[in-house]
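Engineer: Residues per chain, in single letters:
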Amino acid sequence: MPGQRSPVRLIVALSIAGVLAVFLLYTSIAGGGTPALRPSQLTGHTGRVSLMGQVVGKPSGDAHGAGLRFQLRDVKGNATVPVVYKGSVPDLFRTGRDVVVDGHLRNGAFVAVPDTLVTKCPSKYSPKR
Amino acid sequence: MADLGRAALVTAFLLLVYALVAGSLAAWQKRRRLAESAQNALLAAFGATLVASAVLLAALARHDFSFQYVADHTSHELPLGYTLTAFWGGQEGSLLLWLLVLTGYSVAAVLTGRRAGREVLAWVVPTLGLVGTFFAMLLVFVASPFATQATAADGAGLNPSLQNPYMAIHPPMLYLGYVGLTVPFAFAMGALLARRTDERWIVATRRWTLAAWAFLGVGQLLGAHWAYVEIGWGGFYAWDPVENAALMPWLAATAFLHSVMIQEKRGMLKVWNVLLVVLAFCLSIFGTFLTRSGIIQSIHSFTQSSIGPWFLGFICLITAASLSLIFVRLPLLRSKTRLESLVSREATFLYNNLLLVALALTILWGVVYPILSQAVTGQAATVSKPYYNFFLHTFGLPLLLLMGIGPLVAWRRASLRALGRTFLWPLGAALIAGFALLLAGAGSSRIGVIAYTFSVFVLASIALEFARGTAARKALGGVGWAGAFSSLVARNRRRYGGYVVHASIVLLAIGVTGASAYQTVREARLKPGQSMSVAGDRLVFRGYETKAESNHRAIRALVDVYRGNDYLGRYKPGKNQYFAEDQVSNEVSIRHDWLTGGDLFLIADQVNANGSIDLKALQKPLVNLLWLAGIVFIGGSLIALWPDAREARRLAERYADGAVRI
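Heads up: the protein sequence lines correspond to chains A and B, in order. If you read the first sequence in the working numbering, its first letter stands for residue 1, the second for the next number, and so on. If you read the second sequence in the working numbering, its first letter stands for residue 130, the second for the next number, and so on.
Here chain B stands alone, though its shape is the one from the complex (with noise of 0.2 Å):
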């Protein structure tokens, strides 16, 4: 079985090879037969890889000791959904997701590319191939998944704090998400290579970009999750550098989806757009470097092993070669118009991305300077979360105040009397939210005022564009509030669901504002019948219970908690001592309040050999916010990634030139 699986990633690698070298050649001698046969190449790499991929989840499905990776991450208690989730527990099986991710997404962005011009698809294979191949042939001679021993007996397990689905799930999002931004950076390059340096790839990658940004947003939150459920220190993120290397290709594509938009509306920026696109990518593959290679000291430090060389000498090729190919081809990339006003939808799209990218900077500098201040004084220095707070609050609160302030503006020159009117509303409902927050005693903290008041004016302004847009529409006749209302979302996709993608980056913005900035803490050592009180909620310790589960003994305590006279209910943090693993897992309970969106969490710190508890309890106001966040990102950006008949007209009109066609 081994050597099969062994088989497909040689037979995966040396297609990938085929089409990374035949499909430069093909595109560069404009050879469609040749074309046609790396296209193939590339589609059958897919395949090569399922096979490899089915022969791994086999094995762990068999629980076939043989395979040293199977016996590393699964053992033989460990339930079944955890040991075929065990494929991406490891680094070997990461790798192999991350290709067969790339080789599916490969295929699909080759059927589906055609928009973007037979010349460009013709150099997005061998582009795609030279990914591929760099991730094959790490499979095939750095780190196979299928490296075979004798056949142990049982196998070490999967470490306890995975065994959540939330960890089931979040590594495939980040995959899909960091793994997706290489289609458009491959269409980048092929229109780049090509020199058809129109709209074309953007419009063409458009929604590639939009999925996997909003697949590595969705991992993201899971992942926040499940640090916020499962690890219980009581935050949900930390600044680790494996933490930042998610966000930081996050933050580019946002900047990226927002700027390609000037592209397409004024054919602006186009410089811009390849670097932030190159930027991406090449954050995605440092972000897997950083968490490989373990040069930067993490709370995740995953196996150190000796990947993290190939990582780094594939950024430096791929960042040299992207960046030489933008200097030849900068006479093409220049810009058809020019930016008419400092007070314009342009201007504000470029606002946006200039603090984007200015907070994602600063967070790879905080990342990488450890290894920075080390190689400069001899003496390694890590900065910590102070520095990634002050420079969120630098370059995000104005980024959130721009998102209400966007889409009010008008494209090219806005007025300033127009300007003024439509502001009326979002800036009233701010101001009088501001002195409400400020009477209702949220002063404590000045970065929560601001954030909140800024909040609103954000939520108005949508609400307005809403509003404006659905009269607008029922005015056209024919149609009530709810057929207009709908009309108006269905019509213009990609707009509203933008808009709703803000809505939920308000909420999330008032999540973490509520359970950082307002939180409160209190710990105390209680003995069987003590109490303590945090914020309002009495919680008295009742003493413990333990259970014996197939894997771990279950230890709990049991916490009463009181508002005033009422009885909420009985909460059982505890820990989870696991036998295999030899290690003890931290469980904590919540306290959901859906009325408030607060969360009363509780952690068993420290269990006393007496029977007493150091019991820690924070009350995290409007923390829920977060979670439902991410349910309206997935709505909204469901749907601007919706296929819409009308628009796909509309482009084949535009691009009815014959290019279109392979």
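Isolated chain A (complex conformation) (with noise of 0.2 Å):
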């Protein structure tokens, strides 16, 4: 039928084109995600990051009271940052673990976003040997 065009097609391209403004207005108003570096890549970053190494020596302080204190190292690597964290402290976290955590650099230490830490074992399912 010459002439005559599916309304489906302009449906499904109208439709396409109002994800993708959707999807623009959002990404231009709340940004393109967090950064998510490692600790020697944290210097110059002042925005939210998301930050992720290997937790070294022994964590001190109190996570419901000043704030639990650790450093953080990178996986692959030996630049580490201070990190004060306030909230719930994930069962797995201790020395030797992998996390992430959000926060912000604030002069020379990583000030963290309270309930971010988040653990990642690397052996969930398949335990060290």
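Since the hints were made in silico from the structure, they are not lab data. Since this is a predicted model, take the numbers as computed values, not measurements. Every residue gets a Cβ at the ideal spot worked out from N, C-alpha and C, and that includes glycine. Errors might be hidden in some of the hints.
To be verified - Over the 12 Å line for every Cβ pair with chain A, so calculated as not near, a few chain B residues: (1) 282; (2) 502; (3) 551; (4) 606.
To be verified - Calculated lysine-lysine pairs in the DSBU-like style (CA-CA distance at most 35 Å, straight line): (5) B:656 x A:86; (6) A:86 x B:603; (7) A:58 x B:514; (8) B:514 x A:76.
Stated by the list, open to error - One side of the interface only, derived from the structure: several residues of chain A facing chain B at Cβ under 8 Å: (9) 19; (10) 23; (11) 26; (12) 35; (13) 36; (14) 50; (15) 88; (16) 91; (17) 92.
Bring the two chains, given one by one in their own frames, into a single complex with the hints.
Structural biologist: Quick look at the structure:
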């Protein structure tokens, strides 16, 4: 049927346009996600970032008081950064574990957003040998 | 024993390669005997996989620590039940379960799929063989569950958080779903390869898709419930990549289930349907890739292993092959009819499809965002909950509304006047509910009020459909209300089963909204004797008790709960310290209020050395509707799935041109 286009195509095209518009609107307002960094990459970032590293040294302090203090090191590397964290501490958190925590770098220390600490257990389904 | 397992897997691999090669050849040259032999190879591959699985199961049951897999995932103290379910506790076993389910499904699909026609079936066999070959190859060459070692004295044990009945059942459910999507994919490919692009392949696989989709849905709900009762952060879904990995194919399959009805009824959307089934299948393989490759940072980091690139290669192969096949067959996929009106049942199905696919794709975008941003800017960035929640609201709420609108709109072309009449009751109910909610103070969350108003609208429209159908059936005479109702459902299982599933999705929406938009969270440090309050309940901390169990030490906080002057009971959140695994696990305590459907959720966040506790308490109104939704979902799926002799006869008549026999 020449001259007559199927409305299905119109709907599909319009919806794709609609979805893209909503999408662009969202990303322009909310920004393009949180940068995921290692301790060695932190310098220069003042906004909210998601920091991933390995817990080194003994954690001290009180996560429900003045804050839990620990050092995070690059999983493959030597750069470390001190972290202050308040909120729930996951069961698997301990020295040697890889963790991810959101926060801001303030005067050389990483101030974590409360309740964002997530442990990444590299061996959850396959225990260490 | 390990040798037997290995031999069985090699046999399965060779059989599947044969099914692929001989099957393709047979279908290509239309050689019936060869096609039968390829089919038999597929059946035999199931037997071989069964043997391999039995070997692994026996090794687990005998605590045979000369099997690396057994030593890595179990220990002597581990209860027998969890020792056996460690079958799918690790990567190699999971892959074996995958192959077992796949070959099992293949057998059933080949034996029951004759309705699709002989030519189609001849191509289904090699397609299933291809997917099976891939998994068997991984099991034989890359990740063998039968690797041996010097016998260890004891095993490493199973992760404590997996020692839970939900974890025993949740992975197989997901596999039954994931793998089940292979069957409609194989039939779609078979139909394209055989140039039989009518709706037969859809009719032949309808129940398969429905079953796979139901398993996937139930599997996810079980996972959510596990996270809720076991992980103990107070939530049930965290938009983690691995959770999304199961949600995406489910959304694509949901779209597919709806759009195939349009092809069956009106012969439209043929291209769209094959694209959807390819999308659903690729997403299910992509989900496995995500969980198994460790490419995306996830809290569920499984083994980061060498199988990632294999999966990536397989996804690329499947996507490229199926898309080019669709492209080549485009001329055969022309619609017989066209959309007549933007206000019709077909159109609402189309809107629902677009919304579901948009939701799935935005989730996919969020999942792969770290990789994409790394590739483009050199700096990985992640998107978090607000991103997903935004799109869930943007696409999910209209979807909810469509569930109420769709069933009331006529096929082909709906008149606006008729629509006004049918919408009167649901719309009225929704408006009244909306105002009542605002008066009751639910306006604290705008999204919450919208979701609840829409929910009432959908429930009212579903109730109306049932009521009208029952009345019409009763008017035929000879039956009472109950008889009319049951015969209505029995004669239209698919339709009314579908409505029941819709009702379960509404319950789900109500539960999720209650638990997220209307929850109250309080935290406090309490010494024994001190109390805190959360949304009307007073919690008094009485101290600790500790108990030694066989493989862990249990510390429990004693918390007395009061509402007004009523004592509601003693609840015991706490922590378990596991010896063998050297790990702590949070044990939450939940008070279910069966009358209101809400939960009081208690977490012993931190057990302090001085005898105090950091207690976290969450009031989650209506959250239990989420679990009720699961039961209703199963019920609705079963109604839609239940064999229907009348339907079978109708289909047999429709396709009685000889193609049914093989």
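Engineer: Could you check the structure against the hints above and give me the numbers of any it violates, in ascending order?
Structural biologist: 2, 6
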